[in-house]
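Participant: Residue numbers (the working numbering), protein chains in the order written: chain A, 1 to 115; chain B, 1 to 113.
I should point out that these hints are in silico values taken from the structure, not numbers from a laboratory. Treat the hints loosely; a few may be bogus.
Said to hold, decoys possible - SDA-like cross-link-like pairs, simulated, lysine to any residue; straight-line CA separation at most 20 Å:
(1) A/Lys57 to B/Asn92
(2) B/Lys3 to B/Asp67
(3) A/Lys17 to A/Arg64
(4) B/Lys100 to A/Val89
Predicted model only: the values in this text are computed from it and were never measured.
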Amino acid sequence: GAGVSQSPSNKVTEKGKDVELRCDPISGHTALYWYRQSLGQGLEFLIYFQGNSAPDKSGLPSDRFSAERTGGSVSTLTIQRTQQEDSAVYLCASSRGRQSSYEQYFGPGTRLTVT
Amino acid sequence: DAKTTQPTSMDCAEGRAANLPCNHSTISGNEYVYWYRQIHSQGPQYIIHGLKNNETNEMASLIITEDRKSSTLILPHATLRDTAVYYCIVYNAGGTSYGKLTFGQGTILTVHP
């Protein structure tokens, strides 16, 4: 079956511009997660959705970052006024539900470069 | 969630068993041990998990010590495609961490021909 897909695969943007990253989870997975991975760093948890709601937004690094999920499926991560330190690979994952949150299926990621 | 300690890197010959250790001395009773791996330029991939009993699946085996303070992931016959960063994570799926898997630096496993 289809896995988690993300788009675009690569995004180069100028400092100060806004970007939107998209995630399509596995069909039927109610839980969705965003992480980011900076060069040479481990994965940093950003936010988790159960259905359309996000019980924990504390992982978002600043108020320039926001995320939404509609229809319990597709999610978008928006970064406003991008900065060079936002350059990273942004990974999305999904799982069958919160109780299966240990088994997260990851997408290939979006590589964001802010120039 | 409890923290984990893993060696930075390990080497293994193709066809041999790869044994990757992990220390998690502060693990609590309701936390499981999970292993993921990340092959270069890909997203992480779930491998296996366990609570206190040893576990085996088609990918690997997980050996957890009786006191649960450490564990070992075993790839019985490593191949070149097993070259990846391996992450050991302790996590309580029923807790309030809301799916927040904490990935440390992991172990870079290099499988040589």
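Participant: Work down the list of hints and note, for each, if the structure agrees.
Facilitator: Evaluated hints:
1. A/Lys57 to B/Asn92: holds, 19 Å
2. B/Lys3 to B/Asp67: holds, 16 Å
3. A/Lys17 to A/Arg64: holds, 11 Å
4. B/Lys100 to A/Val89: Holds. B/Lys100 to A/Val89 sits at ~17 Å (cutoff 20 Å).
Going down the numbered hints, you'll see the structure goes against none, and every one checks out.
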